[in-house]
Amino acid sequence: GVGFYSAFLVADKISVTSKCNDDPVQHVWESSADASFTVVDDPRGNTLGRGTRVTLHLKEDAHDYLSEDKLKETAKKYSQFIQFPIYVKVKKEVEAEAEEEEDDDKEDE
1231 GVGFYSAFLV ADKISVTSKC NDDPVQHVWE SSADASFTVV DDPRGNTLGR GTRVTLHLKE
1291 DAHDYLSEDK LKETAKKYSQ FIQFPIYVKV KKEVEAEAEE EEDDDKEDE
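Here my numbering is used: the first residue of the sequence shown is 1231, the next is one more, and so on.
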(Lines of atoms letter the chains of each structure in order from A and count residues from 1; the text may use other names and numbers.)
(Lines give C-alpha, C1' and ligand atoms only; values in the text may rest on other atoms or scores of the structure.)
Protein backbone atom coordinates (compact mmCIF):
# COMPACT_ATOMS: atom_id res chain seq x y z
CA GLY A 1 0.00 0.00 0.00
CA VAL A 2 0.92 3.64 0.42
CA GLY A 3 3.13 2.86 3.41
CA PHE A 4 5.24 0.47 1.39
CA TYR A 5 5.62 2.89 -1.50
CA SER A 6 6.86 5.58 0.89
CA ALA A 7 10.14 3.62 0.79
CA PHE A 8 10.73 5.33 -2.57
CA LEU A 9 11.32 8.56 -0.62
CA VAL A 10 14.77 7.15 0.21
CA ALA A 11 15.25 4.41 -2.42
CA ASP A 12 15.80 4.45 -6.19
CA LYS A 13 14.78 0.81 -6.45
CA ILE A 14 13.16 -1.77 -4.19
CA SER A 15 13.63 -5.53 -4.45
CA VAL A 16 11.37 -7.95 -2.58
CA THR A 17 12.62 -11.54 -2.54
CA SER A 18 10.06 -14.03 -1.28
CA LYS A 19 9.84 -17.79 -0.83
CA CYS A 20 6.68 -19.59 0.23
CA ASN A 21 7.29 -22.81 2.14
CA ASP A 22 5.01 -24.77 -0.24
CA ASP A 23 6.51 -23.34 -3.46
CA PRO A 24 9.85 -24.70 -4.68
CA VAL A 25 10.58 -21.42 -6.54
CA GLN A 26 11.80 -18.21 -4.92
CA HIS A 27 10.57 -15.00 -6.60
CA VAL A 28 11.87 -11.43 -6.89
CA TRP A 29 9.62 -8.40 -7.30
CA GLU A 30 11.43 -5.19 -8.34
CA SER A 31 10.33 -1.65 -9.04
CA SER A 32 12.04 1.68 -9.64
CA ALA A 33 8.98 3.82 -8.74
CA ASP A 34 8.16 4.44 -12.39
CA ALA A 35 4.71 2.80 -12.21
CA SER A 36 6.09 -0.49 -13.49
CA PHE A 37 7.46 -3.60 -11.83
CA THR A 38 8.79 -7.04 -12.66
CA VAL A 39 8.33 -10.41 -10.99
CA VAL A 40 10.78 -13.14 -11.93
CA ASP A 41 11.99 -16.48 -10.63
CA ASP A 42 15.10 -15.71 -8.59
CA PRO A 43 18.15 -16.67 -10.69
CA ARG A 44 20.12 -17.24 -7.45
CA GLY A 45 17.80 -20.10 -6.52
CA ASN A 46 16.43 -20.70 -3.05
CA THR A 47 18.56 -18.49 -0.80
CA LEU A 48 15.88 -17.81 1.84
CA GLY A 49 14.46 -21.22 2.67
CA ARG A 50 11.21 -19.37 3.33
CA GLY A 51 10.18 -15.84 4.18
CA THR A 52 10.72 -12.42 2.65
CA ARG A 53 13.66 -10.05 2.27
CA VAL A 54 13.08 -6.40 1.34
CA THR A 55 16.10 -4.61 -0.15
CA LEU A 56 16.15 -0.83 -0.53
CA HIS A 57 18.67 0.52 -3.03
CA LEU A 58 19.20 3.91 -1.36
CA LYS A 59 19.39 7.22 -3.16
CA GLU A 60 22.70 9.08 -2.84
CA ASP A 61 21.21 11.63 -0.43
CA ALA A 62 19.73 8.95 1.85
CA HIS A 63 22.89 7.18 2.99
CA ASP A 64 22.47 8.49 6.55
CA TYR A 65 19.83 5.74 6.91
CA LEU A 66 22.69 3.22 6.82
CA SER A 67 23.50 4.27 10.38
CA GLU A 68 22.25 1.69 12.88
CA ASP A 69 21.07 4.41 15.28
CA LYS A 70 19.21 6.36 12.56
CA LEU A 71 17.55 3.18 11.29
CA LYS A 72 16.39 2.08 14.75
CA GLU A 73 15.19 5.61 15.60
CA THR A 74 13.14 5.82 12.39
CA ALA A 75 11.65 2.33 12.79
CA LYS A 76 10.66 3.06 16.39
CA LYS A 77 9.16 6.45 15.51
CA TYR A 78 6.95 5.20 12.67
CA SER A 79 6.17 1.64 13.81
CA GLN A 80 4.84 2.08 17.34
CA PHE A 81 1.43 0.67 16.33
CA ILE A 82 2.82 -2.62 15.00
CA GLN A 83 2.08 -5.61 17.23
CA PHE A 84 5.10 -7.71 16.25
CA PRO A 85 8.83 -7.15 16.71
CA ILE A 86 11.03 -5.50 14.10
CA TYR A 87 14.59 -6.80 14.03
CA VAL A 88 17.59 -4.93 12.68
CA LYS A 89 20.43 -7.22 11.66
CA VAL A 90 23.76 -5.47 11.93
CA LYS A 91 27.19 -6.59 10.82
CA LYS A 92 29.88 -5.14 13.02
CA GLU A 93 33.51 -4.92 12.06
CA VAL A 94 35.97 -5.30 14.90
CA GLU A 95 39.65 -4.66 14.52
CA ALA A 96 41.67 -7.15 16.50
CA GLU A 97 45.04 -6.17 17.86
CA ALA A 98 47.85 -8.36 16.65
CA GLU A 99 49.24 -10.51 19.43
CA GLU A 100 52.88 -9.92 20.16
CA GLU A 101 55.04 -12.99 19.88
CA GLU A 102 56.90 -13.78 23.06
CA ASP A 103 60.65 -13.55 22.82
CA ASP A 104 61.99 -17.12 22.86
CA ASP A 105 65.42 -15.84 23.84
CA LYS A 106 64.30 -14.67 27.31
CA GLU A 107 66.38 -15.91 30.17
CA ASP A 108 64.76 -18.44 32.49
CA GLU A 109 63.97 -17.04 35.92
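Treat the hints as calculated values from the structure; they're not laboratory data.
Heads up, some of the hints might be wrong.
[Unchecked claim] Calculated cross-link-like contacts (lysine-lysine; reagent style DSSO-like; alpha-carbon spacing at most 30 Å): (1) K1249 - K1306; (2) K1289 - K1321; (3) K1321 - K1307; (4) K1321 - K1300; (5) K1319 - K1243; (6) K1289 - K1302; (7) K1319 - K1306; (8) K1243 - K1306; (9) K1302 - K1249; (10) K1319 - K1302; (11) K1307 - K1289; (12) K1306 - K1322; (13) K1306 - K1289; (14) K1319 - K1300; (15) K1302 - K1321; (16) K1243 - K1321; (17) K1243 - K1307; (18) K1243 - K1302; (19) K1300 - K1289; (20) K1319 - K1249; (21) K1322 - K1307; (22) K1321 - K1249; (23) K1243 - K1300; (24) K1289 - K1249; (25) K1243 - K1322; (26) K1243 - K1289; (27) K1302 - K1322; (28) K1307 - K1319; (29) K1289 - K1322; (30) K1249 - K1322; (31) K1289 - K1319; (32) K1300 - K1322; (33) K1306 - K1321.
[Claimed, not checked] Across the chosen pairs, the derived CB separations fall in these ranges: (34) D1253 - P1315: 24 to 30 Å; (35) A1328 - V1246: 38 to 44 Å; (36) V1318 - T1277: 28 to 34 Å; (37) D1271 - E1325: 24 to 30 Å; (38) F1314 - L1239: 22 to 28 Å; (39) F1238 - E1303: 40 to 46 Å; (40) H1293 - D1271: 18 to 24 Å.
Note that this is a predicted model, so its numbers are computed, not measured.
Think of the CB as a built atom: it goes at the ideal place given N, C-alpha and C, for glycine as much as any other residue.
Hints versus structure:
no.: 1; hint: K1249 - K1306; in the structure: 27 Å, holds
no.: 2; hint: K1289 - K1321; in the structure: 21 Å, holds
no.: 3; hint: K1321 - K1307; in the structure: 23 Å, holds
no.: 4; hint: K1321 - K1300; in the structure: 15 Å, holds
no.: 5; hint: K1319 - K1243; in the structure: 21 Å, holds
no.: 6; hint: K1289 - K1302; in the structure: 19 Å, holds
no.: 7; hint: K1319 - K1306; in the structure: 15 Å, holds
no.: 8; hint: K1243 - K1306; in the structure: 23 Å, holds
no.: 9; hint: K1302 - K1249; in the structure: 26 Å, holds
no.: 10; hint: K1319 - K1302; in the structure: 11 Å, holds
no.: 11; hint: K1307 - K1289; in the structure: 21 Å, holds
no.: 12; hint: K1306 - K1322; in the structure: 21 Å, holds
no.: 13; hint: K1306 - K1289; in the structure: 22 Å, holds
no.: 14; hint: K1319 - K1300; in the structure: 14 Å, holds
no.: 15; hint: K1302 - K1321; in the structure: 14 Å, holds
no.: 16; hint: K1243 - K1321; in the structure: 23 Å, holds
no.: 17; hint: K1243 - K1307; in the structure: 23 Å, holds
no.: 18; hint: K1243 - K1302; in the structure: 21 Å, holds
no.: 19; hint: K1300 - K1289; in the structure: 16 Å, holds
no.: 20; hint: K1319 - K1249; in the structure: 19 Å, holds
no.: 21; hint: K1322 - K1307; in the structure: 24 Å, holds
no.: 22; hint: K1321 - K1249; in the structure: 24 Å, holds
no.: 23; hint: K1243 - K1300; in the structure: 20 Å, holds
no.: 24; hint: K1289 - K1249; in the structure: 27 Å, holds
no.: 25; hint: K1243 - K1322; in the structure: 25 Å, holds
no.: 26; hint: K1243 - K1289; in the structure: 9 Å, holds
no.: 27; hint: K1302 - K1322; in the structure: 15 Å, holds
no.: 28; hint: K1307 - K1319; in the structure: 18 Å, holds
no.: 29; hint: K1289 - K1322; in the structure: 23 Å, holds
no.: 30; hint: K1249 - K1322; in the structure: 27 Å, holds
no.: 31; hint: K1289 - K1319; in the structure: 21 Å, holds
no.: 32; hint: K1300 - K1322; in the structure: 16 Å, holds
no.: 33; hint: K1306 - K1321; in the structure: 20 Å, holds
no.: 34; hint: D1253 - P1315: 24 to 30 Å; in the structure: 26 Å, holds
no.: 35; hint: A1328 - V1246: 38 to 44 Å; in the structure: 43 Å, holds
no.: 36; hint: V1318 - T1277: 28 to 34 Å; in the structure: 20 Å, violated
no.: 37; hint: D1271 - E1325: 24 to 30 Å; in the structure: 41 Å, violated
no.: 38; hint: F1314 - L1239: 22 to 28 Å; in the structure: 23 Å, holds
no.: 39; hint: F1238 - E1303: 40 to 46 Å; in the structure: 20 Å, violated
no.: 40; hint: H1293 - D1271: 18 to 24 Å; in the structure: 31 Å, violated
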